[in-house]
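Chemist: Chain residues, written in single-letter form:
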Amino acid sequence: MNQPANDKKDISIVCFSGEFDKLLAAYTIATGAAATNRNVTMFFTFWGLNALKKERGRKPIGKDFLSRVFNWLMGGRNNLPLSRLNFGGASPKLMSGMMKKSNVAQLDELMDAATALGIRHFACEMSMHILGVSKDDLIDDVKEVVGVATFLNESENAHIIFI
Amino acid sequence: MNQPANDKKDISIVCFSGEFDKLLAAYTIATGAAATNRNVTMFFTFWGLNALKKERGRKPIGKDFLSRVFNWLMGGRNNLPLSRLNFGGASPKLMSGMMKKSNVAQLDELMDAATALGIRHFACEMSMHILGVSKDDLIDDVKEVVGVATFLNESENAHIIFI
Amino acid sequence: MNQPANDKKDISIVCFSGEFDKLLAAYTIATGAAATNRNVTMFFTFWGLNALKKERGRKPIGKDFLSRVFNWLMGGRNNLPLSRLNFGGASPKLMSGMMKKSNVAQLDELMDAATALGIRHFACEMSMHILGVSKDDLIDDVKEVVGVATFLNESENAHIIFI
Numbered sequence: 001m002n003q004p005a006n007d008k009k010d011i012s013i014v015c016f017s018g019e020f021d022k023l024l025a026a027y028t029i030a031t032g033a034a035a036t037n038r039n040v041t042m043f044f045t046f047w048g049l050n051a052l053k054k055e056r057g058r059k060p061i062g063k064d065f066l067s068r069v070f071n072w073l074m075g076g077r078n079n080l081p082l083s084r085l086n087f088g089g090a091s092p093k094l095m096s097g098m099m100k101k102s103n104v105a106q107l108d109e110l111m112d113a114a115t116a117l118g119i120r121h122f123a124c125e126m127s128m129h130i131l132g133v134s135k136d137d138l139i140d141d142v143k144e145v146v147g148v149a150t151f152l153n154e155s156e157n158a159h160i161i162f163i
Numbered sequence: 001m002n003q004p005a006n007d008k009k010d011i012s013i014v015c016f017s018g019e020f021d022k023l024l025a026a027y028t029i030a031t032g033a034a035a036t037n038r039n040v041t042m043f044f045t046f047w048g049l050n051a052l053k054k055e056r057g058r059k060p061i062g063k064d065f066l067s068r069v070f071n072w073l074m075g076g077r078n079n080l081p082l083s084r085l086n087f088g089g090a091s092p093k094l095m096s097g098m099m100k101k102s103n104v105a106q107l108d109e110l111m112d113a114a115t116a117l118g119i120r121h122f123a124c125e126m127s128m129h130i131l132g133v134s135k136d137d138l139i140d141d142v143k144e145v146v147g148v149a150t151f152l153n154e155s156e157n158a159h160i161i162f163i
Numbered sequence: 001m002n003q004p005a006n007d008k009k010d011i012s013i014v015c016f017s018g019e020f021d022k023l024l025a026a027y028t029i030a031t032g033a034a035a036t037n038r039n040v041t042m043f044f045t046f047w048g049l050n051a052l053k054k055e056r057g058r059k060p061i062g063k064d065f066l067s068r069v070f071n072w073l074m075g076g077r078n079n080l081p082l083s084r085l086n087f088g089g090a091s092p093k094l095m096s097g098m099m100k101k102s103n104v105a106q107l108d109e110l111m112d113a114a115t116a117l118g119i120r121h122f123a124c125e126m127s128m129h130i131l132g133v134s135k136d137d138l139i140d141d142v143k144e145v146v147g148v149a150t151f152l153n154e155s156e157n158a159h160i161i162f163i
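Going line by line, the protein sequences match chains A, B and C. Residue 141 in our numbering sits at position 141 of the first sequence; the count goes up by one each step and never skips. Residue 150 in our numbering sits at position 150 of the second sequence; the count goes up by one each step and never skips. Residue 21 in our numbering sits at position 21 of the third sequence; the count goes up by one each step and never skips.
Please note that the accuracy of each hint is not assured.
Repeated chains share a single entry, so a pair holds when one copy, or any two copies, can fit it.
Straight line, CA to CA, 20 Å or less: simulated DMTMM-like cross-link-like pairs of lysine to aspartate or glutamate [claimed, not checked]:
| id | residue 1 | residue 2 |
| --- | --- | --- |
| 1 | Lys143 | Asp112 |
| 2 | Lys9 | Asp141 |
| 3 | Lys8 | Glu109 |
| 4 | Lys9 | Asp108 |
| 5 | Lys101 | Glu125 |
| 6 | Lys93 | Asp136 |
Hint data in this document are derived by calculation from the structure and do not stem from the laboratory.
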């Protein structure tokens, strides 16, 4: 599904932190904006890339030793920490339980909704290069690998939100 | 006091992190903007809600066990951590001492100024629902509990700043 | 070098967090924006000031005991922590190694590029006052020490990005 033309201001979100709670915030803003007829672009960089890895657990992606260690440590979507009170990874699971109980969409559902709503997912070329992550390591929602200049050009008429 | 009409761009601040130093930054930007004749909206979500709890200490707010534990752990305005070098909560107190010595407005004073300047405080409906926080648990400055779509609509002509 | 007039939207970055990875992101956005003909302003506040200290190591700057301790703890450009997986300061060095291997500009080079591209560096008056940091403690790139109102006025037509 393509995003409709409209006269509301676009939303561009830089997903840098890649923490569980901050990604929830990013996707809540993104899907809320897209559902109310705004064009939304999400740009995943650095820690944010972890949420887009095909492999949800820890996997030593990369060409050299350092990047393989670093990617293993950062892990995938199942290893996203809470930005505070993480308790060794227990809290994101507790949080998901609280969200389920409250009948609120969880991260996986929000990410599916983002795709259904036509939200564009850009991955940051430079971060991928440094961390040794290739496009094949990322989920299919990522249509384009771009640099910061492209992201800024595409966000000219947007609110830019750095999370 | 209502906010005056003017031709300067509005300021909308998403207070997500709820750390002592980041809230200081948020309120400094907010009051500085309002004092120079800008319309300012603050949207408190997730950890940011802790700063708005009536009860300043730790209190087990919520309907079920998990949210009660979580709210107790997060605490209120007296328990906001520094984002770094927190030293078990000692640093926010040291920081307040340094601010007092420097004759700079402290967090409580900035929050009072925000109210006096007519800054709007929105609380995030979804976060409150997940964390089991009700409007009665929050200070009276919070006039409205809204969703992300309302916040975005109200911020159409604003700089959106995510803190 | 002065920044050229152009019809692209300006970029204003608030460098608050002062973590190694977030400053890399800030300078990557800043230099990418300036290189594609945008006016860029960077406003350094709180932890962000550490990146601008002349003294790159730990130095007890300040007039009283508390600020001297705090500045020593925060340190300078050589002590910027990674926002996660810092491992006592080992990670920023590993990260720099990975960036060198990937032929990507490192923080020092990005900062030099920012100067060459005419990016304006503002330092936050209030943070400096609280932390006991004077203009003489900061590198020469910092041309002006300003308050939040000045920053907002200068950012009227900019994307404001809080990092």
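Chemist: Hint by hint, note whether the structure agrees.
Modeler: Okay, the hints, checked on the actual structure:
no.	hint	verdict
1	Lys143 to Asp112	within (15 Å within a copy, 33 Å between copies)
2	Lys9 to Asp141	neither (23 Å within a copy, 29 Å between copies)
3	Lys8 to Glu109	neither (25 Å within a copy, 36 Å between copies)
4	Lys9 to Asp108	neither (26 Å within a copy, 34 Å between copies)
5	Lys101 to Glu125	between (38 Å within a copy, 16 Å between copies)
6	Lys93 to Asp136	neither (28 Å within a copy, 28 Å between copies)
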